[in-house]
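What follows is each chain in one-letter form.
Number of protein chains: 2
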Amino acid sequence: MAVPELSNLPHVVVVGGGFGGLYAARGLRRAPVRITLVDRRNYHLFQPLLYQVATAALNPSDIAAPIRSVVRHQKNTSVILAEVTSVDPVSRRLTLIDGELSYDYLVLATGATHSYFGHPEWEQFAPGLKTIEDALEIRKRVLLAFEAAEREPDPDKRAGWLTFVIIGGGPTGVELAGALSEIARQTMIRDFRTFDPSSARVILMEGLPRVLPPYPESLSESAARQLRHLGVEVITGARVTEVDAHSVRIGEQRVATRTVLWAAGVEASPLAQTLGARLDRAGRVEVDGNLNVPGHPELFVIGDLAAVKQADGRPVPGVAPAAIQAGQYAAKQIAAVVAGGKREPFRYLDKGSLATIGRAAGVADFGRVRLSGFVAWVAWLAIHIFFLIGFRNRFLVISQWAWAYLTYQRGARLITGQVEPVLRD
Amino acid sequence: MAVPELSNLPHVVVVGGGFGGLYAARGLRRAPVRITLVDRRNYHLFQPLLYQVATAALNPSDIAAPIRSVVRHQKNTSVILAEVTSVDPVSRRLTLIDGELSYDYLVLATGATHSYFGHPEWEQFAPGLKTIEDALEIRKRVLLAFEAAEREPDPDKRAGWLTFVIIGGGPTGVELAGALSEIARQTMIRDFRTFDPSSARVILMEGLPRVLPPYPESLSESAARQLRHLGVEVITGARVTEVDAHSVRIGEQRVATRTVLWAAGVEASPLAQTLGARLDRAGRVEVDGNLNVPGHPELFVIGDLAAVKQADGRPVPGVAPAAIQAGQYAAKQIAAVVAGGKREPFRYLDKGSLATIGRAAGVADFGRVRLSGFVAWVAWLAIHIFFLIGFRNRFLVISQWAWAYLTYQRGARLITGQVEPVLRD
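Chains as they are written, first to last, in the numbering used here: chain A, 241 to 665; chain B, 241 to 665.
Excised from the complex, chain A in its bound form (with noise of 0.2 Å):
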């Protein structure tokens, strides 16, 4: 079924409502076009924050606003809540699962999902963080670990339910390491009656030599020290080789686990297979100097669902800075094109790295400037609130915030969805 037209100017349809996309709607407002936003969600997400869900501190909609508030004085702007299944460049339509749609401009911003590197059978022992979804299901089992815990005799047994392991130490990672460290140290405090929460492993893996490995040798060695000071074990320098239901095992060593989180790599959103186009080991696109598929000035892909180079021959990252830029970028030169104007190259802007690790403690990397401790968290805290997109959350979120670092208390400790009988085996 085919989706309402509203008039006749050039089409651009944007395809996926994160950083990428959301900006590059935002950067059309005042051109004379009409906008298609396609999402299969009717949320944008802040994805930064993803792991403050996961670990129960802020809620999903803390961290999420939907798409039509943000863009409701948008007149040019349509949303529709659809899944793209595939995108014909050569005719210049859009496959919908219940429609078809054509465009004169696409943006696709689709991102990525997670990757378990052949191994597709980890992810249900394993599960990664990319979705509110995969966040309340995280949360889920961390709890549950506990509750389990509570239940058990056995104390083997036990401990397995105590031992929580991630596995990747990029900013994901350790913010999941140093959340949950907190949570088993501080939050759960006095609310167990037959084991010692504080007693609980945490234990963070990380293939290369060390941890969050793009920043710094110094701030990788400074996250390492606050992580291990918070109580997490962090083990570098060597691979996962199996994951299953009651461990996991690490170069020669067998870690007994039931909760394992999976940080580790990530693949583009499966669109991009259909488009044509080359293809990186991640299944990203790779896209020319402006952004397009080669021979499809038309035809955008930016953020995580394409492999882009700078200058100096380094890939942009995956971060949101570079989603936003290149939205931005992409809106200007459409807007460039349909006024007659001239187009130029995409240029990404590092404008440093941030994370933080537990309630009172981060890295961060200005490029001269790098930061450790307390004061690099609280600039992480500054950006993100700065930055929280849903306008309505930054105060909610600043006094959630505010509350669980004044009580150690978290707020939204609540097992939801189906839970199964807490003693499995």
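Just to be clear, a hint being listed does not mean it is correct.
To be verified - Heads up, simulated BS3-like pairs for lysine-lysine below, C-alpha to C-alpha not over 27 Å straight-line:
1) B:315 to A:397
2) A:572 to A:591
3) B:370 to B:397
4) B:315 to B:572
5) A:315 to B:397
6) A:370 to A:582
No lab work stands behind these hints, which were simulated from the structure alone.
Could you slot chain B onto chain A? The hints should help.
Okay, now just chain B, sitting in the frame of chain A:
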């Protein structure tokens, strides 16, 4: 598998962490007993505000508090996450899905679920509102209906998506209808491009001659007037005879609708059936004047699971204050018996009833004092904030409400969980 035992004091098992169970456990905090509080959920749910989650105004965690946190300082109490499948009053044992548990005293407080008056096949078309999952399902259906309307070019089909039917004119139905009408007329305004959200119809259907049947007639009339003022169509005195995916039949009339919500009947939790006790028509246990199963002075049944008659023959209503009083009463009786004291019969003290309708309207019945409109709404707000059990939540809930009140926004407009293609037929 047995649950670890902590001591040799008399063992009180409380099943259910709702109002009744929680107040029973808290009432025994200084008694020389050991208490095991069992729930299949890890949180206490403030059910009177569940419709606010269903209508996207509050987050699940705003109206729920982990049971462990609530009783964390109560040293004589263990909390276990488990589902009780049957009770054997003779051997004083409970069977769990994954274990068993014996007791000296038992307080059963597992509440009620919805009842479809012999039409279980209606459930798939008309979800009820008892759990957080129910509330999220309703939220999803309501939000998806607007999304589908945006994409539906056929005016008749679109009208079906924009017609919301609530079956049952008790407090929950009245609250849902008021909130839905507000969403359509205020929250969604400017969000859609192909229709005017305020054209949505919200229809409240009640089989008895008036809404809020247990209230005084003047308040029922006031409630109906306030609902109509908010744009709700109120149909009373006619029974629903058919519900399917596309319509509802009431009397001779068929209403085309894609979204039907069930707020009509409840029946007791099925655990009641395993007791071997007399049940009433709604499946509730017919207890004696001490809230005991006859012949079992150690077995209390309280809250929505029990059918209790007052001295004048009228039933004790299935509301939170009644469950709280029953829980406190059961605790007092157990403490008295353990201390070798005397028991007293249960007496219900009716403190009045309140229902809210939209953002600044309501009715209140405090016996001689009857309120309606804005004053009733303020009374409702004050009492609900005061009683919110998750102590942390008060401040945050007030913030959310203040924000929603001032801006007409609803912060939790997320469609989570499995989303099917929007344009289904």
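I'd like to know which numbered hints this structure contradicts. Please list them from smallest to largest. The structure breaks hints 3, 6; every other hint is satisfied.
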